[in-house]
Every structure is written in C-alpha cells, then in structure tokens.
Amino acid sequence: MSGLQTQDRASAVGDGLPVVTRERGQRQVFCGLAGIVWLHRKIQDAFFLVIGSRTCAHLLQSAAGVMIFAEPRFATAILHERDLAGLADCNAELDRVVAEVLERRPDIGTLFLVGSCPSEVIKLDLAKAAERLSGVYRGRVRILDYSASGLETTFTQGEDACLKALVPELPQLPSGERSLLVLGTLPDVVEDQFARLFADLGIGPVHFLPPRRTTEFPSLGNGTKVLLAQPFLGETARACEARGASLLSAPYPFGIEGTLGWMRAVTEAWGVTRERLDAVTAPAIARAQRGLSHHRESLEGKRISFLPDSQLEIPLARFLQRECGMDLVEVGTPFLDRRLMAEEMRLLPEDVRLTEGQDLERQLDRLREDRPDLTVCGLGLANPLESEGLRTKWSIELVFTPVHGFDQAADLAELFARPLRRAALLRV
Amino acid sequence: MQLTLWSYEGPPHIGAMRVVASMQGVHLVLHAPQGDTYADLLFTMIERRGTRPPVTYTTFQARELGSDTAELVKTSVGDAFERFKPRVLLVGEACTAELIQDQPGALARGMGLPVPVLSLELPAYARKECWGANETFYQLVRGLLKPRVPEAGRHPEPRPADRRPRANLLGPTALGFRCRDDIEEVTRLLASVGVDVHVVAPLGATPEDLLRIPEADFNVCLYPETADQTCLWLERMFGQPTVKTVPIGIGATHDFLDEVGRIAGIDVADAKSPISSRMPWYSRSVDSTYLTGKRVFIFADATHAVAAARMCAEELGFAVVGIGTYAREFARDVRECAKRYGVEPLITDDYLEVEKRAAELQPELMLGTQMERHIAKRLGIPCAVISAPVHVQDFPARYAPQMGFEGANVIFDTWVHPLMMGLEEHLITMFREDFEFHDSATPSHLGSGGSTNWPAGSESPGSESQAAVDPADMPVSADASTITWAAEAEQELKKIPFFVRGKARRNTERFAEEQGIQTITVETLYDAKAHFGR
Numbered sequence: 253m254s255g256l257q258t259q260d261r262a263s264a265v266g267d268g269l270p271v272v273t274r275e276r277g278q279r280q281v282f283c284g285l286a287g288i289v290w291l292h293r294k295i296q297d298a299f300f301l302v303i304g305s306r307t308c309a310h311l312l313q314s315a316a317g318v319m320i321f322a323e324p325r326f327a328t329a330i331l332h333e334r335d336l337a338g339l340a341d342c343n344a345e346l347d348r349v350v351a352e353v354l355e356r357r358p359d360i361g362t363l364f365l366v367g368s369c370p371s372e373v374i375k376l377d378l379a380k381a382a383e384r385l386s387g388v389y390r391g392r393v394r395i396l397d398y399s400a401s402g403l404e405t406t407f408t409q410g411e412d413a414c415l416k417a418l419v420p421e422l423p424q425l426p427s428g429e430r431s432l433l434v435l436g437t438l439p440d441v442v443e444d445q446f447a448r449l450f451a452d453l454g455i456g457p458v459h460f461l462p463p464r465r466t467t468e469f470p471s472l473g474n475g476t477k478v479l480l481a482q483p484f485l486g487e488t489a490r491a492c493e494a495r496g497a498s499l500l501s502a503p504y505p506f507g508i509e510g511t512l513g514w515m516r517a518v519t520e521a522w523g524v525t526r527e528r529l530d531a532v533t534a535p536a537i538a539r540a541q542r543g544l545s546h547h548r549e550s551l552e553g554k555r556i557s558f559l560p561d562s563q564l565e566i567p568l569a570r571f572l573q574r575e576c577g578m579d580l581v582e583v584g585t586p587f588l589d590r591r592l593m594a595e596e597m598r599l600l601p602e603d604v605r606l607t608e609g610q611d612l613e614r615q616l617d618r619l620r621e622d623r624p625d626l627t628v629c630g631l632g633l634a635n636p637l638e639s640e641g642l643r644t645k646w647s648i649e650l651v652f653t654p655v656h657g658f659d660q661a662a663d664l665a666e667l668f669a670r671p672l673r674r675a676a677l678l679r680v
Numbered sequence: 029m030q031l032t033l034w035s036y037e038g039p040p041h042i043g044a045m046r047v048v049a050s051m052q053g054v055h056l057v058l059h060a061p062q063g064d065t066y067a068d069l070l071f072t073m074i075e076r077r078g079t080r081p082p083v084t085y086t087t088f089q090a091r092e093l094g095s096d097t098a099e100l101v102k103t104s105v106g107d108a109f110e111r112f113k114p115r116v117l118l119v120g121e122a123c124t125a126e127l128i129q130d131q132p133g134a135l136a137r138g139m140g141l142p143v144p145v146l147s148l149e150l151p152a153y154a155r156k157e158c159w160g161a162n163e164t165f166y167q168l169v170r171g172l173l174k175p176r177v178p179e180a181g182r183h184p185e186p187r188p189a190d191r192r193p194r195a196n197l198l199g200p201t202a203l204g205f206r207c208r209d210d211i212e213e214v215t216r217l218l219a220s221v222g223v224d225v226h227v228v229a230p231l232g233a234t235p236e237d238l239l240r241i242p243e244a245d246f247n248v249c250l251y252p253e254t255a256d257q258t259c260l261w262l263e264r265m266f267g268q269p270t271v272k273t274v275p276i277g278i279g280a281t282h283d284f285l286d287e288v289g290r291i292a293g294i295d296v297a298d299a300k301s302p303i304s305s306r307m308p309w310y311s312r313s314v315d316s317t318y319l320t321g322k323r324v325f326i327f328a329d330a331t332h333a334v335a336a337a338r339m340c341a342e343e344l345g346f347a348v349v350g351i352g353t354y355a356r357e358f359a360r361d362v363r364e365c366a367k368r369y370g371v372e373p374l375i376t377d378d379y380l381e382v383e384k385r386a387a388e389l390q391p392e393l394m395l396g397t398q399m400e401r402h403i404a405k406r407l408g409i410p411c412a413v414i415s416a417p418v419h420v421q422d423f424p425a426r427y428a429p430q431m432g433f434e435g436a437n438v439i440f441d442t443w444v445h446p447l448m449m450g451l452e453e454h455l456i457t458m459f460r461e462d463f464e465f466h467d468s469a470t471p472s473h474l475g476s477g478g479s480t481n482w483p484a485g486s487e488s489p490g491s492e493s494q495a496a497v498d499p500a501d502m503p504v505s506a507d508a509s510t511i512t513w514a515a516e517a518e519q520e521l522k523k524i525p526f527f528v529r530g531k532a533r534r535n536t537e538r539f540a541e542e543q544g545i546q547t548i549t550v551e552t553l554y555d556a557k558a559h560f561g562r
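Taken in sequence, the protein lines are chains A and B.
So in the numbering used here, the last one in the first sequence is 680, and the numbering has no gaps at all.
So in the numbering used here, the last one in the second sequence is 562, and the numbering has no gaps at all.
Note that these hints are calculated values from the structure, not bench results.
Hints are not guaranteed to be accurate.
[Stated by the list, open to error] Sample of chain B residues at the chain A side, in silico, Cβ under 8 angstroms: (1) 29; (2) 69; (3) 80; (4) 84; (5) 90; (6) 369.
[Stated by the list, open to error] Stretch by stretch, here's where chain B covers chain A in the computed footprint (C-beta under 8 angstroms, at least three residues): (7) 279-289; (8) 305-311; (9) 331-337; (10) 348-360; (11) 396-403; (12) 425-436.
[What the hints assert, rightly or not] Chain B stretches covered by chain A per the calculated footprint, using a threshold of three residues with CB under 8 angstroms from any CB of chain A: (13) 122-131; (14) 146-156.
Where a beta carbon is used, it is the ideal one built from N, C-alpha and C, also for glycine.
All chains, full assembly: derive it from the sequences and hints.
And the structure:
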C-alpha cells in the first residue's frame, strides 16, 4: 500500500471496524450537477436550470452520455463576460432566462436554480433570486435553489443538495400522526415494490422523497421516521431531523441481507413482529436467492476494487462480499459519513482496505499492482483500464439502473458478472 | 447569460485537451475544480481511446479556496512532471480557476522545470472549444519554433531538384470528425502526385515533430478550425505556403491537387484520377435519378458545411435549401457559400434556432452534427453526420474517410442511405394504392415484425388502427390550424406517396393560406400541386 497519506481509526482499536485511510490529491469524480441527469427523470414536473459556465453545460451533455431523445428538462444559463462584470445585471439576466424557460415549458411545476462552481465563486445569491422569482411566479411555479458545484459536492451529493432544498417545502405532519419517509431517488418500479411490501407489513403511510411530481409533497414532522434508500443523503436526513423527524439506522437495501435489514429497521420502529416480516418477505427472498445463484458462480472468489465515485461503494462491497462471495481488494469512497454508514461498516471484513478521498495516480498504481478481476470506476477511467487488461464496471450505471431491493438483487449481481462473463467469451 | 439545452462546443480548455490528447510527449496541467475531470470521458468513451488524455487536474474544492490554491497548482505541476516526464508542459485553467486568478502559467514557469513550459490563455467566458484548439496548437508551434524563426527577409532554400516535395498536414485532432482516416487518404492522395507527407500534427505528433515542421515545402491546412492560425504564422515566419482547399468531394479533391501542383511546382495533370472513385458513376446511374433536387439543410463546422454544400449541389444533384454554422470565427465562409446557393445563412450556436429553421424548411435530408441528428430524429427527417461534435457511432471501426476520392465514395453511401432507396421510391409512385405495396406495409427487409425505425419522413409502417401520428402527416404551421381539410381532399392526400405527403400537405396549406382559402378541397390540392410543381 504505497502512497497512503493519513490513517485513522473509524473508532477505537479492536472494535472490529475497518481502518479508514484518507487520501488527498487529484480526484476523478463527477460533480453534483451530474445528479440532474437522474433527478429530472424522476421528478416529472421539475426543471433544472444550472447557472454556470459553458463547462457546466458541456458536463451535463457528456454525463447524460447519449443524447436523450426527448427535450431534456434541464438547461444551463451560461455566464458570459458581461455577466461577470456586474451582479445587478446578472440578476436581470437570470430573470430573463427563467422567463424564457417557463414560456417554453409551461408544464413545469418546480424550477430549481442550480448553483455551480463559477456562480459560487462570483457569489451569485441564488437563494435570493429564488425568493424574488417565487414572488413573481407565485401560484404558478415553485422556484427553489441549491448548489451542486464541484467545490462543494461530488457526483451523488448533488441529489443530497437537491432533496435538502425540498425539505422546507414539505407540509407539516400533524402531531400525533406518524409516517415513514423513504429518502432517495428510486426507479418507479422499485418504489412500487417497496410500497407493496410495506403495505403487506401494515406499515403506513409511506412516502418517498423525491416524489414523482412536486404536487405530491409528503408531510414531515415529529412522527416521521426517515429511512434512507441511498447512502449519500446525510444533509437531507439532518434537515428532516431538524424538523423533528427521526432517522432509522439501517443498512442499505442492496442484496437480500441489506434489504431485509433495511425493512427490519422499519418493522422494529412500527412494532411489527419478526415472524410477520419473515412471512411477508419470504417469497421475495426465495426469488432473490434463485436469481443470485445464477451469478454467484461467476463472481465467487473473484477480486474487486472500487474507485471512489458514487458513495455506493461500501454497501455494494458488502453485498458482493457477503452474498456473492467476492474478495474485496480496495474499497474507495469519495466521502464517508460514519453515522450513515454505521450499520454497513459493521458488515465489512475488519481487514478490508478502505480509503476515503482520492489521490488518483497513486490509487491507479495500487490498482495496477493489485490487478483485481474487476474494477468499479467512473466513465473516464473505464476504457483506459480495459486497455491495460483490467475488467471494469462503470459506477454510473449503479445509480441509473434499478438495483435496490429483493427483486433487483440478481440484476445488481448481474451488472458485476457481465464484464467477467464477457471477458470469458471473447477470443479477440 | 445564454439559455442552452444542448451545446455545439465545450469551453476553450476542451479544445486545448483535444490538442494535447492528440500528441505524444506533451502534458497539460489544468487548474480546475473537482468535477471538471468529466472531460476525460469524451476521449475515453466517445472516441474510445485506450488511454486517458495527458491532463492533470488540480481538482480544487471549497476548503482549498480558503487556503492556498496557488500551492496546489505548484504541487500538481511538480507531481505531473515527475510522473509523466513530458517534453513540453502546458498549463491552463478552466472557467472557475479563471475567476480566482491564480495565474498558474506564471507559477509553473517560475518552477525552473528543465522543459519548455507554455502557459495558455483560455478565456472561458468569451471563447469556445474550436477557438481553444486553434489557439493551443498555435501557441505550441509558436512556442517551440520561435527560436528558429529565420531573420526577416530570408527565404527558404529552394527544393533540390532530386527531392520530392514535402508537405505537412496540419489540424487533425482527437475528437475531430474522421481525422484518423482523412490523414491516411490525403497521404495516399499526395503520394499519387509525388508529394511526401513530412509531419502530421497535432494528431500523432511529438514536440520533436513540431520542430521539423519548417523542413517541409508547404503546409496543408486540413482542418482550418484548428490550424488556420498556425498555418498563417508559419507562412509569415518561415515562408511556407499553405494549401487551403479542403479535399472533400470529387471537385474539391481535383482543386486540391491543382493547388498542390501549383504550390509545389509539379505537374499533377496526369495524376488527376489516381484512384478510381465510384462516386461520379453512382451519382450518374439511373438509380440516382430520385436524388434530383432533394432538399438539404446543412449545419456544421464551416469547413464541412461549405464542402458539403458543393457536393450536394454539384455532385449529388440535391438542392441546398439552408446552410449554417456554429463556428462564428468562420462565419464569413459560410455566408459566402450561402450567397452562392441563394439561401439565408444561419450563424448561431443555439441549437433551438437550428431546430426552428429545420422545422420551417422541412428538408428531405439534414447534414449536420450530433445535434442535427437529434433534431432530425425529433422532426422525422433523414440525417447524416458530417462534422464534429459527434458521438461514439461517428468513430467507426472501419476505414471511412471524408476526404479524397475514397472519402467521396463514403459520403455517397452515408448521405444517400438515410433517404429512401432509389428505384424503390419510383416503384412506390408507380404502384401507389396497390393492395400490398402501400405505405403502411412493412418494408420487406424489416421482416414481418415491422419496426418503428422506418426511415423518417414516412408514416410508421404499422396498421392504420394504430392511428400513427407522423410528423410528416401533421399540419406544421400554427396558421394552418384555421384551415380545414375536406374529407375527400384528406382521402386524396392519402393517395400521395407517404414520403412526399408531408410536403404536399404543407404546400397545400401554404397555398390555401396565400389564396385565402378556408377549406381545402381536392381542387385546392391539385391547384397547389400545379403552383409549386417542380
């Protein structure tokens, strides 16, 4: 392990938790703006207007990868030289662009003004702009702001910033009532599966944030139990707690073990018996086990490294190690929130090499030395690593594809098995 | 502020990356916030390169803004030099770094590295990608060759009679359109008239190659968008003339060879068809008659747009109904070209404007960039890509140049295929209303399952019961909504072959509007046909 800078204990020595090594250096991650690519597909009446540079527009276009064959519900207001000259002018310009967007898309229910690196550096006050524009468009469209700049956020943290901006908009849950709020963008099909399982367990009402439409904002209050479906929503969780909600501590719903643990946290809070949970989940678990068995063969004993990208690395590593029999070589995460990761860290082997942050070149040196069977990394690195004879899995697919829950456990394993299966097939 | 949904060009530092990613032995340190590293994927995913671009990003974050980003620049420069041992180091900054004004170029130059350190000025809020590539290539060539510029007034030595003329091919870059194959084709073309290619740059070149540029007799400005500044400077400083014709199309290839002959002082008359091209014959073959007057809208970089217009008009028998470019720096070329074809030039980098123009023109073919592919798909118009920005499918595995005689063959195929195939179109006209040969029958090559990918401009081949709404079949202008179609006129319209039905409907409505007709009858339909008939 060359080039690791600082090492610190996640907690006291001998507690069975892995050691976390922190790295500082060049990082290879998307910024939070990339989250718009999936958020705009989920919140169907939202529009995301990035106030940024040509680079931001270019990033969004590239991160969306292929062109989307429908007009996207995101755009960039590109700052030009004259915008940088004076801020008053900038606000007038912003008003004009917003008017243009709303004229083009009258179906928009919520408009997000999204801050970027340059708008942050020039201290363009988007909160104030959102307030001003809310006054102008009151009753017609809700205007909110958040920052997804690369100065503040990596990749999935953009979703955290966006959802946090929604929290003050949620109506108050009347005292004495209780509800479950699931945080994190889930594909509709997965959301429906979870809703059915919770219904069968007699747990309700259950709401999801973000909602499919911003006219369906769930209420929030002292009786709300918050359950994270994605491990990168620390700020949103804290904002919910500030409004009296309480956070359920659970592993994340990847694989059978994670999903069951995730649901168990809710059943315990709702006082549903273990027997009832087992009975309700048994058919789904049996299906998941059948599905997983197909992929276990190709994954078992294979060595995997994660480069830091989506913050899904730790739960996914746990799933691949415990349920698919893979060996973890290195698990890198861009940012580690120990509180949110508490349940997951306990399930990792104590001797796993866990790194937080990144020093890209040094990490690649280690990777070349390790030569794992599979490397999970961002799009910029995948082909170069393939050309060095390393098999890869793009991490961005893990945030776009339905991978949560029992019925997706096999699909999740398949994402990792496919590059290995392909490598075994090819004779060129 | 400019509202942008999709954009044609990235920021200028992407242009700089295109130049360094093209070369060997050059490294770029880019002062940029975390997140700007996305740019790597353009090269590794879209162009499918097997290596990362030679770029080290400082990837600063908010916490560094409070302390010392300048120190971060120096560390990054030092680390990048140690690790990659470049023979030339370039230093530039992305948009956010420009705002914090660390002047990374000056910092790096002050470090006393034992290689040339060139600092790039890339004004992110005023300029764009092509400009950035052009400027970077120029700075690189100028930076390396400046000490070797001969005294003013000294002319280059005349070429020894026993040496073949030598040419440099300048301008091809990473992420360019078919650059890799064009180089090969142009090299072959030049060889056929006895000219050797000396240096190709930036694609595939080393810093040492750039130093050899003045040894050639002339330069070929293959992609003016990235090389015109460099060629101009070499002409001024080293007396190297520039061949300016871009050999795209049969006519342009002949002109190119003529220009090469004139500049190199050699006779190219015998070698004018060194490689037989099938394109002129294919274009003359009876099968191509259906291409006559097909209405084409072109929008691309200036070089490819102008070349495409000439090919359309002179070599394929199309009608150029619109032409434009996103490259403002080269707008003049496109304006002149538009004048030649009597159309209004469209100079914009707003793809919504291009979409609007396309919707108005309703061309039968669009030639453009990745954006036009997107627009054409939405409007149901056949399309071929002729210029960057492009996507992964525009880096084909096969040999597919655009330049030279083989390039003309490739272009014939790729532009003609999106249109309905030759005799097929005539047959449908001849057999119209045949019970099994009609517009809703599934084309034979698609099998019984049918497909929704039936060439655009046509009705989806599914059954009538699908009530398929086809863009070509729908009224296009808002005004048309006040005009109604009589039932029998609507029936008659259906008898018109589906691939021209959209145009017939539009023309008829326009005619009705001009004549103040409220209800379109069968008479109106045929009156309009006579009015617009060509």
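So, going through the hints one by one against the coordinates:
1. 29: holds (4 angstroms)
2. 69: holds (4 angstroms)
3. 80: Holds, about 5 angstroms.
4. 84: holds (6 angstroms)
5. 90: holds (4 angstroms)
6. 369: Violated. Min distance 29 angstroms.
7. 279-289: holds (count 8)
8. 305-311: Since three or more residues must qualify, the claim that chain B covers the stretch 305-311 of chain A holds, with 6 doing so at under 8 angstroms.
9. 331-337: Three-residue rule met by the stretch 331-337 of chain A, so holds; n is 5.
10. 348-360: Answer holds; 4 residues pass the 8 angstroms Cβ test.
11. 396-403: As far as the stretch 396-403 of chain A goes, the hint holds, because 3 residues have Cβ atoms under 8 angstroms from chain B.
12. 425-436: violated (count 0)
13. 122-131: holds (count 5)
14. 146-156: Per the Cβ count (5), the hint holds.
Comparing the model with each earlier hint shows violations of hints 6 and 12; every other hint is respected.
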